[in-house]
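S.K.: Build the full structure now, drawing on both the sequences and the hints.
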Amino acid sequence: MRGLTMGAQSKELKRIFAESVLTAVSKAYSDSGIDTQAVINSISKPRKDYGDMSSSIAFRIAKSKGVKPMDAAVAIAKGFDVAAPFTEVKVMGGYVNAYVDEKAYAHMVIADIEKEGDRYASSGMGKGEKVMVEYPAVNPNKPWHIGHLRNALLGDSISNLLDFAGYKVEREDYIDDLGLQIAESFWGYRNLGNAPEGKFDEWLGKQYVEVNKRMKEGNLGGEISGLLKLMEEGDSEEARQARQISERCVDAQYDTAYAYGIYHDVMIWESDIVKARLLQKALDMAMARGALERRTAGKNAGCVVMDLGKVRDFAKDFENPEETEKVIVRSDGTATYVAKDIAFHMWKLGLIKDEFSYKGLGDHGGRMLYSTSASGGRESFGNASIAVNVIGSAQRYPQLIVKAVFRLMGYGTESERIVHVAYGEVSIEGGTLSGRKGGWMGDGDKAFTADALLREAVQKALDATAASKRISDSKMMEQVARAVGKSAIRFEFLRTSPGKPVVFSWKSALNFEGNSGPYCMYTFARAMRILEKAGYSREGIGAIDFKAVERGYDFELVKLLGEAQEVVEKAASEYSPNVVTDYLMELTSAFSKFYETMPVISSGAARGFRMRLLDAYMQVAKNMFGLVGIDALASM
RNA sequence: GGGCAUGUGGCGUAAUUUGGAUAGCGCACCUGGCUUCGGACCAGGGGGUUGCGGGUUCAAAUCCCGUCAUGCCCGCCA
67 MRGLTMGAQS KELKRIFAES VLTAVSKAYS DSGIDTQAVI NSISKPRKDY GDMSSSIAFR
127 IAKSKGVKPM DAAVAIAKGF DVAAPFTEVK VMGGYVNAYV DEKAYAHMVI ADIEKEGDRY
187 ASSGMGKGEK VMVEYPAVNP NKPWHIGHLR NALLGDSISN LLDFAGYKVE REDYIDDLGL
247 QIAESFWGYR NLGNAPEGKF DEWLGKQYVE VNKRMKEGNL GGEISGLLKL MEEGDSEEAR
307 QARQISERCV DAQYDTAYAY GIYHDVMIWE SDIVKARLLQ KALDMAMARG ALERRTAGKN
367 AGCVVMDLGK VRDFAKDFEN PEETEKVIVR SDGTATYVAK DIAFHMWKLG LIKDEFSYKG
427 LGDHGGRMLY STSASGGRES FGNASIAVNV IGSAQRYPQL IVKAVFRLMG YGTESERIVH
487 VAYGEVSIEG GTLSGRKGGW MGDGDKAFTA DALLREAVQK ALDATAASKR ISDSKMMEQV
547 ARAVGKSAIR FEFLRTSPGK PVVFSWKSAL NFEGNSGPYC MYTFARAMRI LEKAGYSREG
607 IGAIDFKAVE RGYDFELVKL LGEAQEVVEK AASEYSPNVV TDYLMELTSA FSKFYETMPV
667 ISSGAARGFR MRLLDAYMQV AKNMFGLVGI DALASM
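According to this note's numbering, the residues represented by the first sequence are 67 to 702, in order.
The set of hints was computed from the structure by calculation and includes no laboratory data.
Check the hints yourself; a few may be wrong.
To be verified - Simulated crosslink set (DSS-like; lysine-lysine; CA at most 27 Å straight-line): (1) LYS181 x LYS169; (2) LYS566 x LYS382; (3) LYS111 x LYS77; (4) LYS272 x LYS512.
In this text the structure is predicted, and so the values were computed from the model without any measurement.
M.R.: Shown next as structure tokens:
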């Protein structure tokens, strides 16, 4: 087939179509001013009865040449070299539409899927560049609530996507174990007189809420800030104990993470950033380069600040002349959160070579998890070329401050390599998820924690599995229910584009029908059953006659399968897992239609082709499942 | 006051970066389909002035201007 190379079918098709259109344009109009990019932008996927590839370029030519779009389209179609992979070109309403040779194309797509297997639709886009992805950075004093879950699922899936798109990915979690919040929980742990019970993160979260109640009533402020001071000094018994409690809490939070299939490579503790003297180095550099200044007089006397006057043109956020400077280091010498974030990002992007000590925390989900630690070995984390931060959109301003300081330091290019994936926060109807007030505890029987949500989903899946009577073994049933419940929630949380705010509803979070994870899984299991019944094996099927390809749902499915890599690249470059869930829905729906209308086992001459198509669909579905973290079950 | 998001049938969402054909899908609602590969399914139907008002264009959900609503940020909190 002319010019068609393996590995990127729909992209190749588009490229060849664009080339052919461009040639045809220049044949018909000598100086049209149309270039390759213009043609590529004009290409779209038409409705199926209009062909397989479409260009609206005739409209553009009509304008510049003062002719009718229809006439231009006809002229272009006339000059279009109709050769493989195309079989026909038609003009419709000013559009130039081409039809693909469905038999040859189906052959090629399926052969490529079989050849690439689990790597099918992966991409070299990232060129092996190292990306450090940060999520979800929950304070170690409470359980994950459904908002943290959105963050973690986005981070996890974006990491999968970047990895599949050819980046070297490091999954990092920032543990903010200093600060007032932790001191408050620590005080509660010591003074409330409650013994830990149940899951530690949940218990600690409740202590935190209780402390906040008491702070409103009595005067605990002094006592708690005293505690914080001891914690920050690092060498005290309090610091050691506080860290221990935080670690115990993170342990419990990570149990939640694993239940959802969320993993990390490394935890970076805020207290270790301070201990490793990263902060001091970063501040020294920033001041030496004039990005930060120490004030000796005025309202910020004694502070280290960034002069907002110097960064007005960086972003509109800084344009307000009433805001003159941003405090980075307080007058008492303690660092703000932003200060630590500046230092941390300099480390992430290799601008400070300082190394942490790490200890291994064992094998988690097939990968070794490390944590920064007071003592331990060296590892090669950090020094990435891109830092992707999955952080709520509310934190836009402090993220911009970090970038602004980078620019003032002369790290303009690096500042652009800090990516804030600003996701819309999750709210609940008529309430807040505040950790301080305990909104995550809910008011009725169901808490808005990630754990409670999973319990509900698994229970619902258990009921459905029991009702289906496909599985009788109770242990198996439990396993399946866990997979279905987890996948349902993952799909539901990922299917909305990250930037949009979400109002949580139990009903839609536990959706198992239509646009849902279980629907995709169910369809996959049905496909698998057919191959089982037919005794199919990829190796045993032998040569297939692709004459059996019709222009029905079989070819619609083929076309979709060919688009997988484009989907992955779009999703990765936009940090948007919902591009994948959308595609999965389309793919699943296309397969369901195929399944409904085109029998496989009893289809005579078409049987071989249809079985290979089915196998190819399963392979692609499985690859996409992996990216968003839903399980490919054989039965459910 | 300044800034940033978001706004698409009753509800939830896609398409907005790069303007193109009848705004795609799911839930809910109505109708039909299991002795034939798994009904967590499929087919058909009703339901839309894409917040509102202007503008640009052969063509606007998409670009520009204005405006409204909601949320968030503008701290020596994190």
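S.K.: Given the hint that LYS181 pairs with LYS169, test it: the Cα-Cα distance must not exceed 27 Å.
M.R.: Since the Cα atoms of LYS181 and LYS169 sit roughly 18 Å apart, the hinted pair holds (cutoff 27 Å).
S.K.: Mind checking the alpha carbons of LYS111 and LYS77 for me, to see if they're no more than 27 Å apart?
M.R.: Since the Cα atoms of LYS111 and LYS77 sit roughly 12 Å apart, the hinted pair holds (cutoff 27 Å).
S.K.: Are LYS566 and LYS382 close enough, with their CA atoms no more than 27 Å apart?
M.R.: holds, 22 Å
S.K.: When you check the alpha-carbon spacing of LYS272 and LYS512, does it fall within 27 Å?
M.R.: With Cα atoms ~15 Å apart, LYS272 and LYS512 stay inside 27 Å; holds.
Hint violations for this structure: none, all hints satisfied.
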